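A.B. asks: As a plain string of letters, each chain reads:
There are 2 protein chains.
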Amino acid sequence: MGMTIKEQAKTGLIPKIVEECARFENIEPEILTKHLGAGSVSIPCNRVSRLTKPFAVGKGVSTKINANIGTSKDRPDAAPELEKLRVALEAGADAVMDLSTGGNLKEIRKAIKEICSVPLGTVPIYQVAVESVEEKKREIRQMDVDHMLRVIEEQAMEGVDFMTLHCGLTLGAIERLCAKKRLMGVVSRGGSLLMEWMLYHKKENPLYERYDDILAIAREYEVTLSLGDGLRPGCLADATDGAQLHELIILGELTLRAWEKGVQVIIEGPGHVPLNQIVANMQIQKQLCHGAPFYVLGPLVTDIAPGYDHITSAIGGAIAASSGADFLCYVTPAEHLRLPNLEDVKEGVIASKIAAHAADIVKGIPSAIEKDIEMAKARHALDWEKQISLAINPDKARSFWEESRKHGQPSACTMCGEYCAVKTYGRAMDCLHENK
Amino acid sequence: MGMTIKEQAKTGLIPKIVEECARFENIEPEILTKHLGAGSVSIPCNRVSRLTKPFAVGKGVSTKINANIGTSKDRPDAAPELEKLRVALEAGADAVMDLSTGGNLKEIRKAIKEICSVPLGTVPIYQVAVESVEEKKREIRQMDVDHMLRVIEEQAMEGVDFMTLHCGLTLGAIERLCAKKRLMGVVSRGGSLLMEWMLYHKKENPLYERYDDILAIAREYEVTLSLGDGLRPGCLADATDGAQLHELIILGELTLRAWEKGVQVIIEGPGHVPLNQIVANMQIQKQLCHGAPFYVLGPLVTDIAPGYDHITSAIGGAIAASSGADFLCYVTPAEHLRLPNLEDVKEGVIASKIAAHAADIVKGIPSAIEKDIEMAKARHALDWEKQISLAINPDKARSFWEESRKHGQPSACTMCGEYCAVKTYGRAMDCLHENK
Chain B
916 MGMTIKEQAK TGLIPKIVEE CARFENIEPE ILTKHLGAGS VSIPCNRVSR LTKPFAVGKG
976 VSTKINANIG TSKDRPDAAP ELEKLRVALE AGADAVMDLS TGGNLKEIRK AIKEICSVPL
1036 GTVPIYQVAV ESVEEKKREI RQMDVDHMLR VIEEQAMEGV DFMTLHCGLT LGAIERLCAK
1096 KRLMGVVSRG GSLLMEWMLY HKKENPLYER YDDILAIARE YEVTLSLGDG LRPGCLADAT
1156 DGAQLHELII LGELTLRAWE KGVQVIIEGP GHVPLNQIVA NMQIQKQLCH GAPFYVLGPL
1216 VTDIAPGYDH ITSAIGGAIA ASSGADFLCY VTPAEHLRLP NLEDVKEGVI ASKIAAHAAD
1276 IVKGIPSAIE KDIEMAKARH ALDWEKQISL AINPDKARSF WEESRKHGQP SACTMCGEYC
1336 AVKTYGRAMD CLHENK
Chain X
916 MGMTIKEQAK TGLIPKIVEE CARFENIEPE ILTKHLGAGS VSIPCNRVSR LTKPFAVGKG
976 VSTKINANIG TSKDRPDAAP ELEKLRVALE AGADAVMDLS TGGNLKEIRK AIKEICSVPL
1036 GTVPIYQVAV ESVEEKKREI RQMDVDHMLR VIEEQAMEGV DFMTLHCGLT LGAIERLCAK
1096 KRLMGVVSRG GSLLMEWMLY HKKENPLYER YDDILAIARE YEVTLSLGDG LRPGCLADAT
1156 DGAQLHELII LGELTLRAWE KGVQVIIEGP GHVPLNQIVA NMQIQKQLCH GAPFYVLGPL
1216 VTDIAPGYDH ITSAIGGAIA ASSGADFLCY VTPAEHLRLP NLEDVKEGVI ASKIAAHAAD
1276 IVKGIPSAIE KDIEMAKARH ALDWEKQISL AINPDKARSF WEESRKHGQP SACTMCGEYC
1336 AVKTYGRAMD CLHENK
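Chain order of the listed sequences is B and X.
Residue numbering for the first sequence follows the working numbering, starting at 916 and increasing by one per position.
Residue numbering for the second sequence follows the working numbering, starting at 916 and increasing by one per position.
It should be emphasised that the hints constitute simulated quantities derived from the structure, not laboratory data.
Computed from a predicted model, the values in this text were never measured in an experiment.
Hints should not be assumed to be uniformly reliable.
Chain copies aren't distinguished; within one or between two, either way the pair holds.
Result set (BS3-like, lysine-lysine): computed pairs, CA atoms no more than 27 Å apart in a straight line [to be verified]:
1. K1021 with K1117
2. K1052 with K1278
3. K1052 with K1201
4. K1321 with K1118
5. K1117 with K1311
6. K968 with K1321
7. K931 with K1096
8. K1096 with K1292
9. K988 with K1278
10. K1028 with K1096
11. K968 with K931
12. K988 with K925
13. K1278 with K1095
14. K1278 with K1176
15. K1292 with K1052
16. K1338 with K1028
17. K949 with K925
18. K1095 with K1052
19. K949 with K1021
20. K1311 with K988
21. K1286 with K1025
22. K1096 with K1301
23. K1021 with K968
24. K1201 with K1338
25. K1338 with K1118
26. K1292 with K925
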């Protein structure tokens, strides 16, 4: 078996995929190779994947965003999810996770993988739970450990590029969880499934116990481990507690074990977090997990806005990414209420992209502020076509602008009309120059 | 002429309106009186106003939000604006500004004032410009200084509660502006109108020169001055420059002069600001303006998202308010493209409320986190009716949730269905208790 790309990078070899990613980021491949070797950058790409849009995530590169799609038992059809995939990619998602729990999971995943140009992620424990219940007619708590490993290997063979595995959710972390009496307990689906198994069997987390076996699979197929935060807070009041931090400490230990085997790692993070705790959460993750890329879900800065959680998470995500997070999982307006529809997927991706872009300006990603400068110039020139073409969603910008045009202002919008500050400023500057 | 409420507060008297506001905030009237006397809190309420929903803004009280409405020459009808007023109040706006520049401005303002339960703000220079052009058939640059003062007095007599006046936009600040070559120049409508006048006449800002006269009017009618930032940055690249800061220094000086006359002050701030410059902007304002309440428009953390500027400004507003801003002016999805419609107004108010609420949690406003705790409890109990009733927009939450219910899950949503983490966690905890 050959070296993984992380091992190649450590020896100073520049893997071909690094060159591709470096070109996209407009940075030197040598720098990206160094970060990949050190673990501060990951490039999720299964050995069998032929991605047309791979990406690097982590130190020195732009913030990436992920869109979740997937069926549920109530909505088991693949077709709407494939449509969501198309919309997510069109809107600019850098990665997609298939979180299906309804219908024929293997067929759905295959259909997604076939048309997915970007890295594909999964949460294998979902398939284990669904197969236990649907095929084996068992209760979820009777999931079989070998079955878990088989599913991980099966998905790895199929070409899944990164997998969320809640390997750090140990009995020690659960002890802290139970001691504290959280308001929301566990809100991670995968985390809760494992926790039920552990408490029913009175045994340690099988994904922790069998971590070496998992690493062997990950190494063989070049699967990037997205080490899940099963104990992420599900409400503001539960944020940044002993249980969450205990799991994060374990994830830091598991990171080093993965790196030793040449396996790439991404660390998953919260969740629901008060605005003033976000920066500390980012710094602690980077410290405990040795600089591994950080992948956050939100964070949502308030719990009271169902229907608007793309906004609550854009606020948290922008702050998180500005202070270290590398990868934002989108949250759609439908979060907490129902499966997202196409419109939700689009709005969710765009809200995440806004957060990522605002952060990339702070991170000093060279191409980020350039876009804002171009927009400022187009606004100053009252060049509406240019403004629309530069907009994060040109279709929406155009539809709003068309309504202004209907009301007869060829050069200004209906907000200010002839009292447009840009025009007045222009006349003012003319006075200045005439005065000279 | 009697004392202003600020003067009363300074002597230790507790004005009746302070008691009302203190009750709303659930704080001691003595504390609010102290802050009002010191200028760190303002309570905009014209002497002739009978507001059913007055508010205090500033130190120790919840973050307030303002919704702008108003006609333009292209859309001169009052009726749609009155409908927007209704929607804004229903969605929870604490204040409303009438920025009309089309139709019969006096009639429109009167109609708004009649049904406006919250403090009403205006930008008097708009009326001056419109009357100069429409009635006097002059160019904007030929606005008359006495006319400016007459309009301010007229609006004060009518009961306007706070007025944006760009008194700090001096020749000195313009000199800095011209030296630097901003990308966007001046984007404040009022600021640009004054600047054109100043550069045409080669004279100092008349609102600066006649500031004592303005203070006399403000004192007589108990109008709160919202000292405008005519040189606020209109794009990220222009943020936090010498021109902006020069104006802010002047606003700090004007604040002390207003306070000496018993006149209340609010300071207006940016604008478009990179995320990592927001905290510094807030700290500098509080320092230069002696702790006066800070009223920000955004800040927008990127320029590239027309159609989504309620989100770009919710990100900036949440950070701003968490680090000192007291009053957020909403930005709607229509910003930069057209006058907002009813839906835009509603979405704009809600996005601002989310930002204000996320910040109030950080500020330690007692009632803020309580709402999130109630929501967490309702989520843990899978009590959907309670969740909907606690939502920032119950109508939207309900409409999303109804689509879940259609698919047959009585107790979970279609996101997770039977693999709902809350349910799994419940079973896991049952195992724990059975084990004991």
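A.B. asks: Next, verify each hint and record whether it holds.
C.D. replies: Each hint tested on the structure:
{"no.": "1", "hint": "K1021 with K1117", "result": "neither (31 Å within a copy, 75 Å between copies)"}
{"no.": "2", "hint": "K1052 with K1278", "result": "neither (50 Å within a copy, 51 Å between copies)"}
{"no.": "3", "hint": "K1052 with K1201", "result": "neither (42 Å within a copy, 65 Å between copies)"}
{"no.": "4", "hint": "K1321 with K1118", "result": "neither (68 Å within a copy, 39 Å between copies)"}
{"no.": "5", "hint": "K1117 with K1311", "result": "neither (54 Å within a copy, 43 Å between copies)"}
{"no.": "6", "hint": "K968 with K1321", "result": "neither (40 Å within a copy, 38 Å between copies)"}
{"no.": "7", "hint": "K931 with K1096", "result": "neither (50 Å within a copy, 44 Å between copies)"}
{"no.": "8", "hint": "K1096 with K1292", "result": "between (54 Å within a copy, 12 Å between copies)"}
{"no.": "9", "hint": "K988 with K1278", "result": "neither (41 Å within a copy, 42 Å between copies)"}
{"no.": "10", "hint": "K1028 with K1096", "result": "neither (41 Å within a copy, 51 Å between copies)"}
{"no.": "11", "hint": "K968 with K931", "result": "within (13 Å within a copy, 65 Å between copies)"}
{"no.": "12", "hint": "K988 with K925", "result": "neither (44 Å within a copy, 65 Å between copies)"}
{"no.": "13", "hint": "K1278 with K1095", "result": "between (36 Å within a copy, 25 Å between copies)"}
{"no.": "14", "hint": "K1278 with K1176", "result": "neither (30 Å within a copy, 46 Å between copies)"}
{"no.": "15", "hint": "K1292 with K1052", "result": "neither (63 Å within a copy, 33 Å between copies)"}
{"no.": "16", "hint": "K1338 with K1028", "result": "neither (51 Å within a copy, 31 Å between copies)"}
{"no.": "17", "hint": "K949 with K925", "result": "within (7 Å within a copy, 64 Å between copies)"}
{"no.": "18", "hint": "K1095 with K1052", "result": "neither (35 Å within a copy, 73 Å between copies)"}
{"no.": "19", "hint": "K949 with K1021", "result": "neither (36 Å within a copy, 67 Å between copies)"}
{"no.": "20", "hint": "K1311 with K988", "result": "between (33 Å within a copy, 24 Å between copies)"}
{"no.": "21", "hint": "K1286 with K1025", "result": "neither (37 Å within a copy, 43 Å between copies)"}
{"no.": "22", "hint": "K1096 with K1301", "result": "between (54 Å within a copy, 21 Å between copies)"}
{"no.": "23", "hint": "K1021 with K968", "result": "within (23 Å within a copy, 58 Å between copies)"}
{"no.": "24", "hint": "K1201 with K1338", "result": "neither (48 Å within a copy, 32 Å between copies)"}
{"no.": "25", "hint": "K1338 with K1118", "result": "between (71 Å within a copy, 21 Å between copies)"}
{"no.": "26", "hint": "K1292 with K925", "result": "neither (44 Å within a copy, 49 Å between copies)"}
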